[in-house]
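Chemist: One letter stands for each residue in the lines below.
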Amino acid sequence: MNTELLLQLTVNGLIVGLLYGVIAMCFVLIYKSTQVVNFAQGEFLLIGAWVCWATLVWLDLPFYIGFLLTLGFMTVFGIIIQAVFLRPMIGEPIISVIMVTIGLSMFFQSLMKWIFGVSAESYPQVFETSTITIAGLNIELAYILSLIFSVVMMVGFYWFFRYSRLGLAMRATAFDQQVASSLGISVSKVFAASWAISAMVSATAGIVIGMVNGVSDALSFIGIKVFPAVILGGLDSIVGGVVGGVIIGVLENLAEFIDSQYLHIGNLYTIAPFYILLIILTIKPYGLFGTKNIERI
Amino acid sequence: MGMKPLLEVKQIDLAFGGVKALTDVSFTVNKGDVYSIIGPNGAGKTSMLNCISGRYQPQQGSISFKQQEITRMKPNQRSSLGLGRTFQNLALFSHMSVLENILVGRHHLLKNNFASGPLYWFSGAQKEELEHRRTVEEIIDFLEIAHIRKKQTGTLSYGLRKRVELARAIALKPDMILLDEPMAGMNQEEKEDMARYILDLNEEWGMTVVMIEHDMSVVMGISNRVMVLDFGSKIAEGLPEEVIDNEHVRRAYLGEEDDLLEAAV
Numbered sequence: 006m007n008t009e010l011l012l013q014l015t016v017n018g019l020i021v022g023l024l025y026g027v028i029a030m031c032f033v034l035i036y037k038s039t040q041v042v043n044f045a046q047g048e049f050l051l052i053g054a055w056v057c058w059a060t061l062v063w064l065d066l067p068f069y070i071g072f073l074l075t076l077g078f079m080t081v082f083g084i085i086i087q088a089v090f091l092r093p094m095i096g097e098p099i100i101s102v103i104m105v106t107i108g109l110s111m112f113f114q115s116l117m118k119w120i121f122g123v124s125a126e127s128y129p130q131v132f133e134t135s136t137i138t139i140a141g142l143n144i145e146l147a148y149i150l151s152l153i154f155s156v157v158m159m160v161g162f163y164w165f166f167r168y169s170r171l172g173l174a175m176r177a178t179a180f181d182q183q184v185a186s187s188l189g190i191s192v193s194k195v196f197a198a199s200w201a202i203s204a205m206v207s208a209t210a211g212i213v214i215g216m217v218n219g220v221s222d223a224l225s226f227i228g229i230k231v232f233p234a235v236i237l238g239g240l241d242s243i244v245g246g247v248v249g250g251v252i253i254g255v256l257e258n259l260a261e262f263i264d265s266q267y268l269h270i271g272n273l274y275t276i277a278p279f280y281i282l283l284i285i286l287t288i289k290p291y292g293l294f295g296t297k298n299i300e301r302i
Numbered sequence: 038m039g040m041k042p043l044l045e046v047k048q049i050d051l052a053f054g055g056v057k058a059l060t061d062v063s064f065t066v067n068k069g070d071v072y073s074i075i076g077p078n079g080a081g082k083t084s085m086l087n088c089i090s091g092r093y094q095p096q097q098g099s100i101s102f103k104q105q106e107i108t109r110m111k112p113n114q115r116s117s118l119g120l121g122r123t124f125q126n127l128a129l130f131s132h133m134s135v136l137e138n139i140l141v142g143r144h145h146l147l148k149n150n151f152a153s154g155p156l157y158w159f160s161g162a163q164k165e166e167l168e169h170r171r172t173v174e175e176i177i178d179f180l181e182i183a184h185i186r187k188k189q190t191g192t193l194s195y196g197l198r199k200r201v202e203l204a205r206a207i208a209l210k211p212d213m214i215l216l217d218e219p220m221a222g223m224n225q226e227e228k229e230d231m232a233r234y235i236l237d238l239n240e241e242w243g244m245t246v247v248m249i250e251h252d253m254s255v256v257m258g259i260s261n262r263v264m265v266l267d268f269g270s271k272i273a274e275g276l277p278e279e280v281i282d283n284e285h286v287r288r289a290y291l292g293e294e295d296d297l298l299e300a301a302v
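From first to last, the protein sequence lines stand for chains A and B. Residue numbering for the first sequence is 6 to 302, as defined by our numbering. Residue numbering for the second sequence is 38 to 302, as defined by our numbering.
These aren't lab readings, by the way, just hints derived from the structure by calculation. Treat the numbers as computed from the prediction; the structure is a model and nothing was measured. Think of the CB as a built atom: it goes at the ideal place given N, C-alpha and C, for glycine as much as any other residue. Just to be clear, a hint being listed does not mean it is correct.
To be verified - Some chain A residues flagged as far from chain B (calculated, every beta-carbon gap over 10 angstroms):
(1) 99
(2) 119
(3) 174
(4) 190
(5) 293
Stated by the list, open to error - BS3-like cross-link-like pairs, simulated, lysine-lysine; straight-line CA separation at most 27 angstroms:
(6) A:194 - A:118
(7) B:188 - B:210
(8) A:194 - B:210
(9) A:194 - B:111
(10) B:188 - B:228
(11) A:194 - B:103
(12) B:41 - B:210
(13) B:57 - B:41
(14) B:111 - B:47
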């Protein structure tokens, strides 16, 4: 057995998994506070990565300015999407809302292709790209960066929901919009804020992945990959999203290991997460951490 | 009296499609009142409360609170003006502790935000926090829920949850509180406790109370004005003893034919 490869893939899996976890958190954030299952989450990554790329390559700005501009853009973008497309859908059947987000996903994917072309572009060198060796493992510096980013985001989210007023307002709104508004919380502000935060954090994840793999359509596919992570963890649990993300990331890479070493099926990597999803949902229909709907009679 | 009323409801009409929930309802509540709204099921009591708290928008009529027109205001704006409420069905944040539930009620009164909060000792956040904690402690003492402050509300008994819900609503320090069936589903002892809390709120904390209640002994015992709704119309208003003697009220409750109502339809 090739232990070195196994270890390498496990570490990769953990790092990518944490990144999935961050995106899953963004997904859950929107679902929890606005009850929208956002199938256009992957496009947030895509748009964020392209916008940042454009500021660096077309406008030739330094990275930190381009990055801040992108964050600003995504905030406005998230709020506009919510206000224009999803606010009118409040009270409509969930399936209609899902159709809207799928529509948005298709639209933005095509729009990005139209503006930026279909071929993958790589980011200009922002950091000295090199691989560092830790305990015999080659780890790309960008991966370390992404690891730091993920951990910071998770701690940030925890702190935000636990200690900030807006975070508390969001938790209250997630539970019951009517009660929240009777306590002086502006529900429309909470909705706008959750879309803005979700768009911003997703975009950052998009940029991080873009630095490693280049910017292309593949980014929006991550939105779909995160879906099993979210369902796995429980649609309404932020912690669950993180755990689900890590599980999917590691499993994916283990599947790759088994595939390349023994089975030689090819592409087991892509399907494995969905198999696991099926198995876990058969045992725990609400996901690992999801709220069970139990009613007292 | 010459005093301006705290809440003034004028000729409210509310309909859902073809169903008229409220027809031409007017009433006023003075500061310091314990005002009860009674009536058979489906009479429009909760609809009336929802119009006041802002969940429903009436098609016609106007509502003013503290001399301010609030008919088109959002619920959260109304609560910032000093209007609190509880709900008919328990609506606590069941995954939060009792303390957290009450603190959500203090939410709009906090001035520090997530940027100044971390500067805790410098931005006055500490002082603010202490002040809020003190108010919350007062409320906890008042409602005698100190022993369950750290418990998740989902695990509490029904009567206690009702009490926590009241605590959360008064954490806003509202001038007027709307109570939707505060005693539904309680046993006699719990009802007596709740009645005492409501009276104390009114007398000691100076809160004006508007309440929907089915238990007539409670209504007669603690309210100083009563309005009766039936089929969305006001059929009587006055002192409790006046209302209970009212012929239309008896008919509404006993379900007999009523000439006055038929004329109104």
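Chemist: For each hint, tell me whether it holds in the structure or not.
Modeler: Hint by hint, here is what the structure shows:
1. 99: 22 angstroms, holds
2. 119: Holds, because the least Cβ-Cβ distance between residue 119 (chain A) and chain B comes to about 38 angstroms, which exceeds 10 angstroms.
3. 174: The claim breaks: residue 174 (chain A) does not keep its Cβ more than 10 angstroms from every Cβ of chain B (closest is about 6 angstroms).
4. 190: 6 angstroms, violated
5. 293: 16 angstroms, holds
6. A:194 - A:118: 32 angstroms, violated
7. B:188 - B:210: With Cα atoms ~23 angstroms apart, residue 188 (chain B) and residue 210 (chain B) stay inside 27 angstroms; holds.
8. A:194 - B:210: 23 angstroms, holds
9. A:194 - B:111: The given pair, whose Cα atoms are some 12 angstroms apart, holds under the 27 angstroms limit.
10. B:188 - B:228: 23 angstroms, holds
11. A:194 - B:103: 26 angstroms, holds
12. B:41 - B:210: 21 angstroms, holds
13. B:57 - B:41: Answer violated: residue 57 (chain B) to residue 41 (chain B) is near 30 angstroms, above 27 angstroms.
14. B:111 - B:47: 19 angstroms, holds
Comparing the model with each earlier hint shows violations of hints 3, 4, 6, 13; every other hint is respected.
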